[in-house]
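> Now for the letters of each chain:
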Amino acid sequence: MKKSKTQEALEELGNDLVKNVLAGKPPVMNVPVRALSNVSYNKKSETLELGDKTSERNFFNVAHAKKFLQTLEVAAKSKELLTLGKHASLRDVFYMVKRTIPNTKTNIVDEQSESDNAIEDLEALSGFSREQLNINANKMGSVAGHVVIEDKGDEIDWAKMGSGGWSVPSNVEEITFKKVRAKYVIYMEKAAVWERLHEDKFWDKQNCIIMSSQGQTTRGIRRLLQRLSQEHDLPIYVLADFDPWGFYIYSVLKFGSINLAHMSGSMTLNTARFLGITADDIENYGLKKMLITFKDVDQTRLKQLQNYEWFQNNKAWQRQFKLMATMKAKAEIQALSSRGISFITEKYLPEKIKKGEFLQ
Amino acid sequence: MSTAEKMASKQRDISVAEFFERNRHLLGFDNKRKALLTVVKEAVDNALDACEEAKILPDISVQIVDMENDRYRVTIEDNGPGIVKKQIPNIFAKLLYGSKFHTMKQARGQQGIGISAAVLYAQLTTGRPARIWSKIKETEPAHYYELHIDTQKNQPEIVKDEESNWKKKTGVKIELDIDASYQKGDQSVDSYLKQTAIANPHATFVYTNPKAEQFVFARVSDKLPKEPTAIKPHPYGVELGIMLKMLKNTESRTLQSFLTGEFSRVGPQTAKEICDAAGLFTNMKPDELQLPHVEKLLDGIKKTKIIAPSTDCISPIGEELLEKGLRKEIPAEFYVAVSRSPDVYRGIPFVVEVALAYGGEQPSDQTIRILRFANRVPLLYQSGSCASNKSIVQTNWKPYGLSQSQSSVPVGPLTVVISLVSVWPPFTSEAKEAIAHYPEIIKEMKLALQDAGRKLGAYVNKKRKVADQQERLSIFENYMPEVAAALADLSGMSKDKILESMRKMLEKNKEYVQAHKEAHKVEKVEKKSKEEQIGLAGFDNEEE
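Line by line, the protein sequences give chains A and B. Residue numbers are given in the numbering used here: position 30 of the first sequence equals residue 25, and the series is strictly consecutive. Residue numbers are given in the numbering used here: position 94 of the second sequence equals residue 99, and the series is strictly consecutive.
Since no wrong hints were added, every one of them can be taken at face value.
Restricting the straight-line Cα-Cα distance to at most 30 Å, the calculated cross-link-like pairs of lysine-lysine (DSSO-like) are:
(1) B/Lys502 <-> A/Lys61
(2) B/Lys500 <-> A/Lys81
(3) A/Lys(-2) <-> B/Lys502
(4) B/Lys467 <-> A/Lys62
(5) B/Lys502 <-> A/Lys62
(6) A/Lys14 <-> B/Lys513
(7) A/Lys93 <-> B/Lys509
(8) B/Lys468 <-> A/Lys61
(9) B/Lys509 <-> A/Lys62
(10) B/Lys470 <-> A/Lys62
(11) B/Lys470 <-> A/Lys61
(12) B/Lys301 <-> B/Lys250
(13) B/Lys470 <-> A/Lys100
(14) B/Lys158 <-> B/Lys250
(15) B/Lys513 <-> A/Lys20
(16) B/Lys500 <-> A/Lys100
(17) B/Lys451 <-> B/Lys237
(18) B/Lys310 <-> B/Lys451
(19) A/Lys14 <-> B/Lys509
(20) B/Lys502 <-> A/Lys14
(21) B/Lys509 <-> A/Lys100
(22) B/Lys500 <-> A/Lys14
(23) A/Lys100 <-> B/Lys502
(24) A/Lys62 <-> B/Lys468
(25) B/Lys502 <-> A/Lys93
(26) B/Lys37 <-> B/Lys395
(27) B/Lys165 <-> B/Lys37
(28) B/Lys509 <-> A/Lys61
(29) B/Lys250 <-> B/Lys277
(30) B/Lys502 <-> A/Lys20
(31) B/Lys513 <-> A/Lys61
(32) A/Lys350 <-> A/Lys284
(33) B/Lys500 <-> A/Lys(-2)
(34) B/Lys231 <-> B/Lys448
(35) A/Lys39 <-> A/Lys249
(36) A/Lys38 <-> A/Lys178
These are computed hints drawn from the structure, not numbers from a lab.
Please model the entire structure based on the sequences and the hints provided.
Pasting the structure below:
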């Protein structure tokens, strides 16, 4: 069997370390630093980029020894997966790596967060995403619309997936779009809102694609949105809560996140548009009574958002931040239900899209 | 009959027996378990005092036989000088008879109440007389007495008086049958004798407990403690009542000669100063002083600067011997002892000594063990109200490698010996169980604990460093096979070859580990300064 590029990269990582060891030099990995201090905002590409700072991980350093071993273990497991042509979940990898080191009371990993971290380090180190390393996250998120795709030889029609929609896998690299009939895509923060839109057949009536994941946007969703935007030139609308966390979901989609800055290229969505809920919506749709008072953390988070380099010169966004700061309150998407259960699908969304009321 | 007359008909002498019955807790006979300890303690204290006064290295045997139904026969035997025949009944069968109460001299016993209280306890609980053997010369036969106490008159009642052919050079043996109960533990006779052995490294004890187990606590020093000398009271330590009594009993003719003759550290000049400060004439007759005069006199003493009493009247254990004593009874890995120089409370000299035994088999998850002594006698009860406990709680033990929550006894594998010697240790009660909270005493205790603690801290930190170094090397040794296996998987090379090469690296350069760590530190500092130069304006502090 021909070796893939990923396999070759992992082998090279191993060979370099072994070369050092056999030459009597300490085995050292230089892992790109994945922290705010090594992330910068590229104004041209409008994405967060990882800097070239690396931190040395030397096995013969007590502070590094365990992390060194964890990263190496994960690399070895990934190579095994690639050789066998199998995929494992993050949880699987955790159990594949977890064991007690002989003669000690130490486990190689104690919690999944440790192996997850080692996997992200390996991504940054090798330049390949974890999906390319045959490691998948749990699927989370649903999609519906007039789209037909092919996944592993199966033809799937997103219009005929029943009440649950098609669940988006964590790796969407291998699917191909057979037929796409939609004018735009709406991505929403809340699964409950997606269900409302789905039940009202919003995607059929408005000829669009609706997509959601619960909470943080998963990699699979981000990559799928990017492909729909790039390959089919569809505008992407984001529907999120009127609070700093909702705004941040948009920020991550559009510019990338600090933690995954090393993957920015294949994830960011420069054309993403923020549809709502905006401060103006609160006014225009009479949601004032539905406001929830700020807590201290909300206040702090809002200040951080205001100071992000990528928002600093954006007048429209700064206006939103200021309005929110004066209101000292937030509102959920579901606040629209106070106007009627299908107010969102019958009035709010069609009107907003028709008028082109969105932030960018 | 008038009320007063009625009352008078009820007023009479209180018999010592009645007094004892009501106040037995003051004398250490609160319960059966404590009674056993008190009986042994009083006899052993007397034996040690007698041996030391006669300059004999003490050999003391203690035997407790279980006679069933909570009855025990306690026998204590010493090799001291013995007691002359005439004195035996008074010493053992008359309460408040003694030689030590009236002198200012360091001794275990004080009031002359202990051993006769034990005899009375035996009499009240079992009705059996105390049996005493005494021998004062090798060539003469021993005397044997069986004694009761006449509880109405507080007088000895001789049941039997005969010669005995007790085979012993010299010494005293006492045998009492008492109601008691025997239990092991921190407050047991076993524990008391073990602790006594720590504070008296010049003595040998042979102990047979009710379970017929025999323990020998052998001496580690052939040097007797320096003999304490008797001193006169220091003016600063005398209170009104005592002053009145002294004035009444003195043979001096003038106040000045009374002051110079009956007190220590008072010469004619100081006596004059005291009288001047009190506004009294130096030639007043002592027995003519009235209460207001005496109050003025005490005031004058307070205002006058008098040098501290001489401290040769006390005989501390000494750092070397205290450490030796602790070493032989408490197995541990580190020992340290500290002996403070003498200080004074209320005009009474005292010395604080502290010794620590750290590590070994001692549990590290429990509060430390505290062994308290006053004049070399272990204090087993009332630890909570003792000055030594207070000083331990007020000391910060964290820098010395123990864990301690806010003002409580620290936790760790440690035994603390805290010993006070004084001509008059201030106890909180007659049972002599806890040392009173004099600020001077607590201060000295804390200074001694801190001094010893610093030495302990140095040891603990060094030990921790060595352990860290060891652990560091073992991390590499244990992780290496795992790393080699993963590298072999990745590169396809032989695991053994990689492992061998890594082992060589570790073996060749055990120091390398350390050296590299240092180098890495430097590198890190450089990197950091670069980071600062780049500047991070516009980003929040979120580190993901």
